[in-house]
Every structure is written in structure tokens, then in C-alpha cells.
Amino acid sequence: MPVIEASELTKTYGELHAVDAISFEVTPGESFGLLGPNGAGKSTTMRMIGGTTLRTSGTLLVNGLDPEVRGPEVRANLGVVPQQDNLDVELRARDNLIMYGRYFGLPYSYLRPRADDLLEFAQLTEKSNEKVDNLSGGMKRRLTIARALVNEPRILLLDEPTTGLDPQARHILWDRLFRLKEQGVTLIVTTHFMDEAEQLCDRLIVMDHGRIVAEGSPADLIRRYSTREVLEVRFGSDRNAALVDRLRSFADRIEPLPDRVLLYADDGERTLEAVRKDGLVPLTSLVRRSSLEDVFLRLTGRSLID
Amino acid sequence: MSAVVDRVRPGSGLNAWLVANSSGNARAVVERGFKVIRNQNWVIVLSGFFEPVFYLLSMGLGLGSLIGTVAGPGGQQISYAAFIAPALLATSAMNGAIYDSTWNVFFKLRFANLYQGMLATPLGPFDVAAGEIFMALFRGFLYALGFTAVIAGMGLTTSWWALAMIPVALLIALGFASLGMAVTSYFTTFQQMDWINIALLPMFMFSSTLFPISVFPEAVQWFIMALPLWHGVELMRQLSVGHFEASTWLHLGYFVVMSVLGIGFTTRRLRSLFLR
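So the protein sequences, as listed, match chains A and B.
Anchor point for the first sequence: position 141 equals 141 in our numbering, and the numbering is continuous, going up by one each time.
One rule links them: number in our numbering = place in the second sequence (from 1) + 306.
Hints in this document: simulated from the structure, not taken from any laboratory.
Don't take every hint at face value.
No farther apart than 25 Å at their CA atoms in a straight line, the calculated lysine-lysine pairs in the DSS-like style are these [stated by the list, open to error]:
1. B:Lys-341 with B:Lys-414
2. B:Lys-341 with A:Lys-127
3. B:Lys-341 with A:Lys-131
4. A:Lys-181 with B:Lys-414
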């Protein structure tokens, strides 16, 4: 049985279709991604899974239960990392973990050692008696993530988990998430970081304007919607646009961006050579593998981070 | 079969409603409230206690020295301070309850995002609301206890019945808090929240708090008597001197009905308030 089953899931705010009749399933132990730019409907979808935002129409089952009808039971098995940290600023760091566990009805005898473990996990042991307001952005994020683990959830909802974390902290978090996944925890991750989606997700849906525009594994999506390699060339911001027509013949597909032009080809180096032979000398050039960013650009005509 | 039942929207019946909106763990919200009070919020607790005391000192003793004695419940002459002291207690119970159930809830909901955190756990809207109303009543209890001690110490009470002002302050607080939370569910901006103050201030000024309502034309008197604070003030005043009439039951009944209706109203609005 899927742990999450959404069918024609819709949320409207007045005229705005925040989530527009999306359907998807998540299987147990899977690491599932929702990818899309800000405003695509990712966070709304996450909140509907927890039953804290009421849907407009469609059906949704989490562990076979409707979160609107059996919210408390559904959330007992969830760990939620919201997009914006909502730590309790009137409590100290360690008390945030303990009190959150109390909301789950867990006893102090379990929560005290658990809080210490989680503080260590979040590398915040020395900050355990610190007021939340005195923690840095990254520390708050780590505390929020630690808090979501207090009930040893079977499903972890992570809404842009690494936003605001430095690269080292991101890699540590990814490592911890891998370990949870190995223990059979289902991960549901929203992100607009492509590398994060590629690192973390077995399967993902790409969302735009509340709709699903593509679904598959990261490799699968790249294969379907992009070429193997991408050549990025810069001619200076005033010349990029002017050269687009001339560059078009060198690649399967071309994507002019304000600061650079992307040429999609299976062999980037060879394409660069051909461009140079034609007398065009870019200021800088870069050949790289195709990524989910390219998939997104192809599907929506927009970058993920505006 | 059960899968079919699960798919329907929150069902009818009390049990289905509770399953959707409560884990029965409102106690954890109360625990959090006490933890916060222990940590830092004694200042706020104290500020709420001093407000009626300052009113009593300035108006009761200051202005009262110009006024002398006035007719209290049953017509006996009492000092002006003894006349307004019970009214100030009723007003402070109202203000504290309204502050906690409107501004405080609004702020924690929209700006501190405290409730979003709570609602991501098994806690449901019912647990959060019940826990917060309990905390509001606890604060109201502390204020009432302190203020009753102050006015008894100043010799402004003449009956042991004055002790009953403490539980009655809680009943008044419950009536206002339960209604206030429901009203908050309709508000989205601070400007709208200001309307609450605009409604409360004249109620404090004119509900026979500082002078008897007999100064008003009869139509105005009827209007004031329809409002809750007047009943609270009259009830407190009767308790402070231990003078009871049939109207005592009317005042008491007013707040019982107001609390029941308020709790019902808030309960209906809980999902609109907390789940969006």
C-alpha cells in the first residue's frame, strides 16, 4: 500500500489555483521529491499531507487515512520540517525538542535522552540552553530538523530543508537523511536546488503553477528532457541575444539566458570547437553534464531560482 | 469499508469531530504555557496585575476623596473606592481574557507561527484552543487572587462572600475568552484587531464601572444592560458586600450562557482559525 496517495488534489485561494488537480503516489521507504520554483504549490501540498491546510477538492490518504478526518493519527507518524523555521522562541533550544515531544504525548523519561541525542545530531550540544533567538540561521534550521525527528517518524516531510545552510552543513544533513532512508523512513522533500533533488530523490515530480509537468527519477527526467551535455557560452550581456540565431545551428536546442547561452548537445566539447571554428569566440565557456535545472528550463521556460 | 469511510470529509457527530481535531493532549499545551511563565514571562503576569491596582489608587482613593460615599448594592453607603474596586476586578478579568484570546492568539498564529509548529504534531485545533484558554484562565486566576487580596487588605470588602469574586472572575474570563477566540478567526490584519479595543473601551467606561447607569436615559440603560460587562460589574459588586437579589442569578446565568455559546462558537470556528 502506498504511504501517500493523492488524487486530483486541489487547493484554491480565491482565484488562485495553488495546487491544481495533482495526482501522485509515494511508496514506503521511497525518497520522493517535489521540485519547482517558488509558488509552484510544493509547500501547500506538504501542508495538506499533514492536514494543517484543508484541501479544496480531491482525495488524499496518508498511511491509508485522510489527514482532514484523522489528522492527529496521521501526524503521529510524521516529522515535519516547514519551509520557515517555527521554533518556539519562548523556550530554550533543548526545551524546544522536549516540549515538541510532549505534543506527541511522549514521556519525559524518553524525551530527555532523546533531546540530548538530537542536539548532538544537530551539532548543537553546546547551545542546548541557548535562547532560540540567539542561534544563527543555520543553527535554527538544524534545530528545526532535529525537532522533526523527536518522534522517530516513519514519514519525514522536508520543505526546502537546506535553505540557509552552508555547503558543509548541507552535506552533513544529506548524510543523515540517507541514514534515515536506510532505516526505511519515507522522505518527502521539496526543493528548488537541483543538486539536492539529484542527491536525495529516488523519484520526483516537477511542479509549475500548481500542476505536475513531469515525473520520474532524476536520471530518467534528464534522459527524456535534455541532452547528455550542455555547453554554456558567454559573449557579454549585450551580445548574447544577438548571436542566438547564429548559434542555433550548432545544437539540438538552444536556451538564451540573460547572462549566457546554453547549447544542448551530446558532445559539448565538439560543439564548442565547431562554434570557435565559425569565428565566434566566447568570453567564457563551460561544458557540463545535463542536470535537472535543464529539465526544468525545458519544461517551463524558466529557471528554478528567479 | 473503512477506507470508504476515511475518504469522507470530517463526519457528523461529536466523536468524528474529536478524532479529526484532537489528540486529547491539551495538557501538553498547558505544560508549555507554564514552562514559558517559569522562564521569562513574570513581567507580563505582573503588568496585568498592576493595571487595576493603579486605577483603584488613582480613581478610588484620589477621585474618591472628592466624591465621598455612594450608594452600594442594597442602598447602603460605601466609599467610592469600595464602589469601583469590584468593577475593576470584573474589567480586569475581561481585559486579560480578551487579550489572551485575541491579540495573543493572533500574534502566535500569524507572526510567531507557534501554532503551526504545534499543529504539525498530533495536537489538533481543539487541543491548542483548550490549552490556551486554560492558560488565559490561569493568568486571570492570578490577577483575581492578587487584586482581591489588595482590596480586602484596604478594607474595601465587607463580607466573606468577597472570596467568591475569584471563581466568578474566572467565569467572566471564560465567557470573554471563548467568544474572543471565535471572533479572532475572522480577522486577518492588525487594523481589524483594533476594533476589539474600540468595542472594549466604552464598555469599560459606561458599564456602571465608575458611576451608576441611572445617569443615562432609560433606552441607553437597556443597551448597557444587554452587554456582558455590566452583568460582571453588578455581580462582583454584590459579592463584595455579600448582598444578593434575584438579579444575582441573572448576572451569573448571563455568563454561564455566554460561556456555553462562546465555546460552541469557537469550536465551530476552530478549523477556520487554525487550518487554512
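Query raised in the report: When the hints from earlier in the document are held up against this structure, which numbers fail?
Result: 4
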